[in-house]
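Heads up: the protein sequence lines correspond to chains G and L, in order. Anchor point for the first sequence: position 210 equals 210 in our numbering, and the numbering is continuous, going up by one each time. Numbering-wise, our numbering comes out as the position in the second sequence, counting from 1, plus 1000.
The reader is advised that the hints may include incorrect statements.
[To be verified] Calculated pairs, PhoX-like style, for lysine-lysine (alpha carbon to alpha carbon, straight line, at most 20 Å):
hint, chain 1, residue 1, chain 2, residue 2
1, G, 557, G, 634
2, G, 50, G, 221
3, G, 156, G, 146
4, L, 1089, G, 308
5, L, 1046, G, 11
6, G, 11, L, 1089
7, L, 1108, G, 129
8, L, 1089, G, 378
9, L, 1048, G, 411
10, L, 1108, G, 378
11, G, 411, L, 1089
The hints are simulated quantities; they were obtained by calculation from the structure and are not laboratory data.
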Amino acid sequence: MVEPKYMNAMKWPYPVEYGKENEVSADVLILGGGIAGCHAAISAARRGAKVAVVEKGAVIRSGLGGAGVDHWHLACTNPCSEVTPEEMIEVVKGFGDYFFLEYGNGITCYITCKESYDALLDCEKMGVKVRDVDDEFVGAEFRDEKTKLMFAYDYKSRYCIRVNGGADIKVALFNELKRLGVKIYDRIMATSILTEDGKQGARVVGATGVNVRTGEFYIFKAKATILSTGAPAGLWTFSTELAGAPLFQEPNLTGEGTAMAWQAGAELTAMERSSSMLASGGFGYPMYGTGNAHNTWYPCTIVDANGKEIPWVDRDGNVLKTVSERNRPASGQKTFFYGRMAPSYDIWGPNLIPDLPDRIMRGEFVLPLYADLPGMPKHERRVIWGLMIPHEGKCRIIYDTYQRAGFDPEKDMLQVNVMPPDQYIFTAWWGSYGPRQWRTGGFCNGGGLVFDWDLRTSLEGLYVAGQSTYAGGDHSVAACSGRYAARKAAQYAKVAGEPVVERKQVDTEKARIYTLLKRKDGIGWKELRAGLCRIMQDYCGEYKSEETLKMGLRWLKSIRESEASTAYVRNPHELARTLECLTHITVGEIIMQASLARKASNSALEFNRLDYPKKDPPEWNKLVTIRLENGDIKIGELPLNYLLLPPNASTYEDNYRKHSSL
Amino acid sequence: MEEKALMVPNPMTPCQAILFDPELCTGCNICVDVCRSDVMVPNPEKGKPPIVLYPDECWFCGCCVSDCPVSGAIRVEYPLNQRVGWKRKETGEYFRIGMKNPPPPNTKPPVG
Chain G
1 MVEPKYMNAM KWPYPVEYGK ENEVSADVLI LGGGIAGCHA AISAARRGAK VAVVEKGAVI
61 RSGLGGAGVD HWHLACTNPC SEVTPEEMIE VVKGFGDYFF LEYGNGITCY ITCKESYDAL
121 LDCEKMGVKV RDVDDEFVGA EFRDEKTKLM FAYDYKSRYC IRVNGGADIK VALFNELKRL
181 GVKIYDRIMA TSILTEDGKQ GARVVGATGV NVRTGEFYIF KAKATILSTG APAGLWTFST
241 ELAGAPLFQE PNLTGEGTAM AWQAGAELTA MERSSSMLAS GGFGYPMYGT GNAHNTWYPC
301 TIVDANGKEI PWVDRDGNVL KTVSERNRPA SGQKTFFYGR MAPSYDIWGP NLIPDLPDRI
361 MRGEFVLPLY ADLPGMPKHE RRVIWGLMIP HEGKCRIIYD TYQRAGFDPE KDMLQVNVMP
421 PDQYIFTAWW GSYGPRQWRT GGFCNGGGLV FDWDLRTSLE GLYVAGQSTY AGGDHSVAAC
481 SGRYAARKAA QYAKVAGEPV VERKQVDTEK ARIYTLLKRK DGIGWKELRA GLCRIMQDYC
541 GEYKSEETLK MGLRWLKSIR ESEASTAYVR NPHELARTLE CLTHITVGEI IMQASLARKA
601 SNSALEFNRL DYPKKDPPEW NKLVTIRLEN GDIKIGELPL NYLLLPPNAS TYEDNYRKHS
661 SL
Chain L
1001 MEEKALMVPN PMTPCQAILF DPELCTGCNI CVDVCRSDVM VPNPEKGKPP IVLYPDECWF
1061 CGCCVSDCPV SGAIRVEYPL NQRVGWKRKE TGEYFRIGMK NPPPPNTKPP VG
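Could you build all of it, start to finish, from the sequences and the hints given here?
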């Protein structure tokens, strides 16, 4: 009798070589080959460094930005921009930080304001289309006739550029890596960061990894290491069915970077932050795949079932009469971000009427709603459906699928998914599903590593880029922080001593990994992960307290000793997924410990303590930090603007001039 | 009426995610190697379409389709509970992904 879990079993398609050792040496080691990692690799290689990139998937397409990008943010230095980096940083305080406001890091945002346009031009040199060279949009309001650049959202200040070759941007980066001789280690999941003498808090000298197809073991030795593995995304939600299409968060972003850095002794901050935004798990519709007016679809006209148009208003509630006005700042406003996502009036942009839910309840608008593409001006219709959709990540397949099924934007209005009226408040309608307990720390929503103006972490030899920083940002922030971190890492690698890996640290890590193969009973990784998500939902959800957090920590510890120590592993793929579950426990513990340490509710961090219900008491306007020292948890704090306080200069401009290595 | 009944496990996910046209697929495995999550593995039989081993892990990023050298050899199917519809503005006709007798495909290429 075959056990059900071995039914239909076939021979593993790849050679299995569990534990076989491979050693790699590099000047600059990059953990995570997404957008930040690729730009970092290119930047370091151009400075003459020997570079190795370690990637769990395949660099050619991996990462949150691997399937494309439709707009290039914060390109404040492009020739048409009417907003300077200094003005932008004043207005947004930190876009990367987006939802964080003053709790954001500011630096990666400022770096992006300074370098975003250069990074885009660099991509253009690699073969990425970024202009309307085919003159399809001549005369469009968003097009500059001289440069042929096309802008999104704010047509007046023109800081955000539409990328009409965005769908293949990752392929172009990959080709540039190969051209520069960067060594690419695909299908290798980094599992631990190695330190001098194996000591927590010491200089970083490399990392270990495991091949997710063959089970081989890797030892990477490096003078400098850049962490660009992204933010832990799926800690609260995991759907074992139908998970993929609506999921904004990349499913491979399971927090290895955070857990590795923590074990190595790096200081983390804002770990207590999480959000219910974009966390609908597998229960929404394909991302951007139903009618909506959000981001990529901005500013599409929305009508109700009877064809009645939903009004657009400016940030003050004044009704906007034309489509064109939806792309203009309000009177007296320097610039804006689309809609009201960011919690600051300063950067609120035009939006659908904010009381839409009430008006649906009152019967003023009848469901279902539709995205009225045929009613949009010609260029606006074409740029939404023909440019933004097919070039935004995960959306080319929407374009292909819907077009194949006969959808014609000149004739057809895409239906908006029907929901309870209150869920129409946030315009990303395809994903407006799910209990409030479903949260995420991914994409601009969570904490990460503390760093300085060199994007160096608290550990010597370890640099950070993209979403691995606390309060990370989007595609262009990833690109620019990657380039910057690599300049500093390459510089450090030139003067750093030879890295020496301690064998005992390697052996301990090998034992941790391969002991998982000895299990034949127990549960599988999917049940384990879903169970861990439930702990996060229940004990570290929208409302937390000392009791729930301590209970959550007790559950995590108990699961680590029990179900997680007996879960079965049948092949290298399951080995990697089960290791991710162990990471899940570690990151969950960090988040709960950080949550215990912040004894105050906080709006910017979307953090509610039932036992400390008073919101934003001034004495708690600070960052809480957390790290391991000799295995003990150390809680600390930093002023919100620590990067503008001594020993740093007091302005972004001065610090950037001093540190940027340009 | 003679119908065979087999004892097999349930489908692991109520969607197919990725489908191949065996007539067009050359078994080059480019899709296998661009997939971020190892959803597919090479077919043990050379030249045959890959095996969709982990459809439940598909993120629907579509890179396998974008990078396939043979148009139409591979396609991504949204699950039934995530298929959407649209209304033709002039006529009020209603269409949806997956309907019987669909309208002809819209062949207009994207910008870029």
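Status of the hints after comparison with the structure:
1. 557/G to 634/G: Holds. Residue 557/G to residue 634/G sits at ~19 Å (cutoff 20 Å).
2. 50/G to 221/G: 12 Å, holds
3. 156/G to 146/G: Measuring from Cα to Cα gives roughly 16 Å; hence the hint holds.
4. 1089/L to 308/G: 12 Å, holds
5. 1046/L to 11/G: 15 Å, holds
6. 11/G to 1089/L: 54 Å, violated
7. 1108/L to 129/G: Holds, because 19 Å separates the two Cα atoms, which is no more than 20 Å.
8. 1089/L to 378/G: 15 Å, holds
9. 1048/L to 411/G: At roughly 40 Å apart (the allowed maximum being 20 Å), residue 411/G and residue 1048/L break the hint.
10. 1108/L to 378/G: Status holds; Cα separation ~15 Å.
11. 411/G to 1089/L: 6 Å, holds
The structure fails hints 6, 9 (numbered hints given earlier, in ascending order).
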